[in-house]
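Asker: In case you want the letters, here they are:
Number of protein chains: 2
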Amino acid sequence: MAGSVLIVGAGAIGAFYGGVLARAGCDVSVVARSDYDAVARDGFRVASTIGDLSFRPRKVLRAAEGEFDIVFVALKLTRGVDRVAMIRPALGPGTAIVLVVNGIDVEQEVAEAFPGHELLSGVAYAAASREAPGHVRHHSQYTRLILGRYPSGASETADRLAELLKKGGSSCQVVEDIVGARWMKCAWNTVFNPISAIGGGLGSKDMLASGESVAFAHAAISEVCAVAKAAGHPLPEDTADKQIAGTQRMANHVSSMGQDWLAGRPMETEAILGNAVRIARRLQVPAPRLESLYALLLMAENRRRGPAEVA
Amino acid sequence: MAGSVLIVGAGAIGAFYGGVLARAGCDVSVVARSDYDAVARDGFRVASTIGDLSFRPRKVLRAAEGEFDIVFVALKLTRGVDRVAMIRPALGPGTAIVLVVNGIDVEQEVAEAFPGHELLSGVAYAAASREAPGHVRHHSQYTRLILGRYPSGASETADRLAELLKKGGSSCQVVEDIVGARWMKCAWNTVFNPISAIGGGLGSKDMLASGESVAFAHAAISEVCAVAKAAGHPLPEDTADKQIAGTQRMANHVSSMGQDWLAGRPMETEAILGNAVRIARRLQVPAPRLESLYALLLMAENRRRGPAEVA
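Chains as they are written, first to last, in our numbering: chain H, 1 to 311; chain X, 312 to 622.
Everything labelled a hint here was simulated from the structure, so no lab data went into it. The beta carbon of each residue, even a glycine, is placed where N, CA and C say it ideally should be. Hints may contain errors.
[Claimed, not checked] For the chain H half of the interface with chain X, some residues (derived, Cβ under 10 Å), not all of them:
no.: 1; residue: 27
no.: 2; residue: 199
no.: 3; residue: 202
no.: 4; residue: 210
no.: 5; residue: 213
no.: 6; residue: 217
no.: 7; residue: 219
no.: 8; residue: 220
[To be verified] So, partial list: chain X residues that the calculated Cβ filter (under 7 Å) puts toward chain H:
no.: 9; residue: 527
no.: 10; residue: 599
no.: 11; residue: 610
no.: 12; residue: 613
Could you build all of it, start to finish, from the sequences and the hints given here?
Answerer: Next up, the structure:
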């Protein structure tokens, strides 16, 4: 089967995997909000390191409707986004839901709302950016999507979707512990994204410019690892070392949250950091550095409301 | 005795206490650097809640020279300030040195450089700001200077200086544990000054706008208290509660370090925060929130060197 797919949240990642699935022969529709006009008129132009992935969706919708085999949700999880309401109108009896989003503990709400539907969760390592309405550039060599049934286990749907993604030119890995894969991504995201934003858009080199900041990042990543372990998803012992070393090898790249901060866009504060802090508290794992980052990130967001008065 | 006093570092606090001492009949000279021209020409104009404290110094110097009864050092302790070299040329056989500066562990270097001189350490709670070259406004109702012999003990010199300050209209309290008084001020300064600067100039209300930020500030103040206690200077049990409550009562005042950040001026990072972190480590007191603030503040300072490249 190729099947029908509705991409909900047609930003960079949604357009990229939509293009991959279209190239694999799927019948791809999209819900586009801010970019509706451009996409309805011209479709998606997707320039990728794996070739041109431009495609014209079967349907371009302002809101979900119909019945699809797969509802592929690639939304940024910022405050006030009601995923459940956005997904509901596109569900038929056998529709599977795929959440390709950032953060940890981001599935529960959807799982509870739609208990009769298979829920897959996905962690994307592809780096793509929206250059203009309907125009997306995928600029990393990697295309990797890690996919798995939520909360765990094998899934024929995941296997079939992975085959389609590979047919379309992406790499895709199906795992039985997708939550563990989320924690692995959080080992970087939960620490470096907030640091980057709190610092006003720090690049990876800026974040590791002193021994003090390297020690801090290492200790904060170790807190993420301790929480993941307590939650039943132990990460490799050398995770903090490897994340630091990998980051030191990067060009001075500004993280997605740092870029959101610089652009004045909403940030995925709760999905990426707040949820991790809440899990730490629930499991009584000390995470003072994550709590520090969370408090400071909330203050930075609050400051956006207006400058403080200088007395 | 009224005696001769050299104010080194004629910023807001130096000019204010210089004015108080001049009004008490002391023979006050100053070392003025950036404001030399204005002060040499017109003296200091000091508007205070305790009246006009304007005065014309006996001598206005670009660098210390001569012999004074008291060298009153009111410098900001930013990177690259060599206090020892600045003080040395003004010392005669019986000169006492008074350090009225922010931070913790800020006396050792001076004590070691001048073992033959009495060293007093002072913590000022007066709020004053430099409005223009040679023009200072003291705008708090309080004028309090806490003064004591370093590292501890009674001091006739401190008692005499306190009498002069009171005669000039300020309040002054002599204590035998001046390091404890420093820790008490650090219970606020070491936490809220860095938060304010890291947040890009946050006001006191901004820093306590959510339950998360209140909990963070409370926990960070408790870390300062734990370090102070381990260092032999226990603070009252309710210190964190009181600092939070007092800060919540403030207008949305931006801390001195936050104002320095906003103005692009150097900050007293090491005196106010770095030294506290180092003492915590030396005494093996966990201080992860202070370490977080320190790492993030260093990153913020580094960022000043230039914006990160957005890849």
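Asker: Of the numbered hints stated earlier in the document, which are not met by this structure?
Answerer: Of the numbered hints, just 1 does not hold.
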